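When you get a sec, could you build the whole thing from the sequences and use the hints?
Protein chains in written order, with numbering that gives the first Met the number 0: chain A, 0 to 101; chain B, 0 to 134; chain C, 0 to 129.
Hints listed in this document are in silico derivations from the structure and should not be mistaken for laboratory results.
There could be a bad hint or two in this list.
[As the list claims (entries may be wrong)] Simulated coverage check for chain B against chain C, where a stretch passes if three residues somewhere in it have a Cβ under 8 Å from a Cβ of chain C: (1) 6–20; (2) 23–37.
[Stated by the list, open to error] A short, non-exhaustive set of chain A residues, derived as facing chain B with CB atoms under 8 Å: (3) R21; (4) A23; (5) T96; (6) Q98; (7) W100.
Model, not experiment: these values are computed from the prediction.
Built from N, CA and C at the ideal position, the CB exists for glycine as well.
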Amino acid sequence: MAMLHTVNKSPTDRNTLESCIRLAKKGGSVLLIEDGVYGAIKGAAKADTVSNAMSGLSFYVLGPDLKARGISEDKIIDGIKVVDYNGFVDLVSEHDTTQSWL
Amino acid sequence: MSETKKFLYVNRKAPYGTIYALESLEVVLIGAAFEQDVALAFIDDGVYQLTQGQDTTGIGVKNFSPTYKALGDFDVNKIYIEKESLEARGLTLDDLMPLKYEDEDDDWAEKDSIHVVSSEELSEIMDQSDVVLSF
Amino acid sequence: MKLSVQINEGPYTHAASDTAYQFTKAALEKGHEIFRVFFYHDGVNNGTRFTTPPQDDRNLVNLWSELAEKHNLDMVVCVAAAQRRGIVDPDEAKRNGKDGNNIAPGFRISGLGQLIEAGIQSDRLVVFGD
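In structure tokens form, the structure reads like this:
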């Protein structure tokens with residue numbers, strides 16, 4: 000019953016990413032999209048929260064949203080996988096349910 | 000439609016500042032007619048939707064908080080509030096409107112719809128849901 | 000797989016409709032079925048054909064209409080949300096005494112029950128919003 004969570008807010012603007020990590024059940028996945036991709040940057044405000052959560056959750060980030068914001072993939076926290084829209088669709092179909100943290 | 004799914008409505012936004020709380024409630028009311036297994040979760044600022052004493056006369060907007068009290072009549076009686084979200088806002092259960100329903104399987108005894116649950120418990124409830132509608 | 004998409008924001012202010020469009024297009028190209036695209040909250044503003052962005056900007060309303068035509072998509076605009084925000088089809092115009100309509104090709108106005116039905120009938124429902 001693994002769940003895919005999407006987060007679309009910057010962690011320095013809203014608490015969305017923290018709430019998602021607090022409430023996502025282990026074994027699930029988190030996909031950072033839109034301004035949520037700022038949460039994938041190494042050394043950013045909530046980077047430790049993300050790294051610590053990786054023991055129970057798989058993290059993904061939407062590549063086109065990274066690129067649009069000028070964030071190169073070498074700035075991303077180790078272990079976060081970059082996917083495109085096809086990968087987004089695959090994540091949705093591979094997980095039983097999707098929850099969007101709006 | 001014979002299939003019954005577990006619907007979870009996730010509310011994370013305060014009322015009045017934006018329309019999401021009101022229009023989410025409208026979906027819940029319409030959805031109640033579909034005889035699905037419905038639950039509501041209130042997380043983060045979403046807990047402000049249920050506070051007592053809302054009075055909108057000064058802002059010229061409809062006070063829709065009484066509608067939550069009617070949810071029990073629509074068989075919407077699984078209302079989960081995250082304990083951590085309440086506490087982070089200095090609120091207790093006493094600050095919220097009491098939401099009740101009459102249990103038809105228990106001689107119409109009046110019961111509480113609200114369940115204050117821990118993050119772990121809510122995480123489990125979310126994971127068991129088939130459809131999550133977020134507002 | 001049968002997917003449905005819910006869009007809660009209008010075009011241009013928020014990225015929700017853009018992301019949902021790219022997602023829906025990718026899903027269709029991968030051979031998934033889209034049961035329904037449901038527009039709610041300010042998302043109903045994706046359904047007005049009066050949208051006229053600058054020449055060098057994408058026209059999201061047209062993009063949705065073209066995608067709907069190509070793949071025979073069912074794109075539903077919530078009637079209650081649409082009435083609040085002035086999105087009107089010929090029937091609604093007549094019913095509410097309006098002097099015109101603005102619904103874009105490929106969109107239809109219907110009730111919230113269509114969203115619940117999408118949740119019941121689809122294998123997955125993905126929400127895009129603010």
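*asked:* Quick check: do three or more residues in the segment 23–37 of chain B have a beta carbon closer than 8 Å to a beta carbon of chain C?
replied: Holds, because 7 residues of the segment 23–37 of chain B bring their Cβ atoms closer than 8 Å to Cβ atoms of chain C.
_Checking hints one by one. Is A/A23 an interface residue toward chain B, by the C-beta closer than 8 Å rule?_
holds (7 Å)
*So, A/Q98 near chain B? Judge it on the closest CB pair being under 8 Å.*
Since chain B brings a Cβ to about 4 Å from A/Q98, closer than 8 Å, the hint holds.
*Does A/T96 pass the interface check with chain B, least Cβ-Cβ distance below 8 Å?*
holds (6 Å)
*Return the status of the interface hint for A/W100: holds when the least beta-carbon distance to chain B is below 8 Å, violated otherwise.*
For A/W100, the interface hint holds, since the closest Cβ of chain B sits about 7 Å away, which is under 8 Å.
*asked:* Would the hint on A/R21 be counted as holding, given a Cβ-Cβ threshold of 8 Å to chain B?
replied: At 5 Å from the nearest chain B Cβ, A/R21 passes the 8 Å test, so the hint holds.
_Between the segment 6–20 of chain B and chain C, are there enough contacts, at least three residues with CB-CB distance under 8 Å, for the coverage claim to hold?_
holds (count 3)
The structure is consistent with each of the numbered hints, conforming to all of them.
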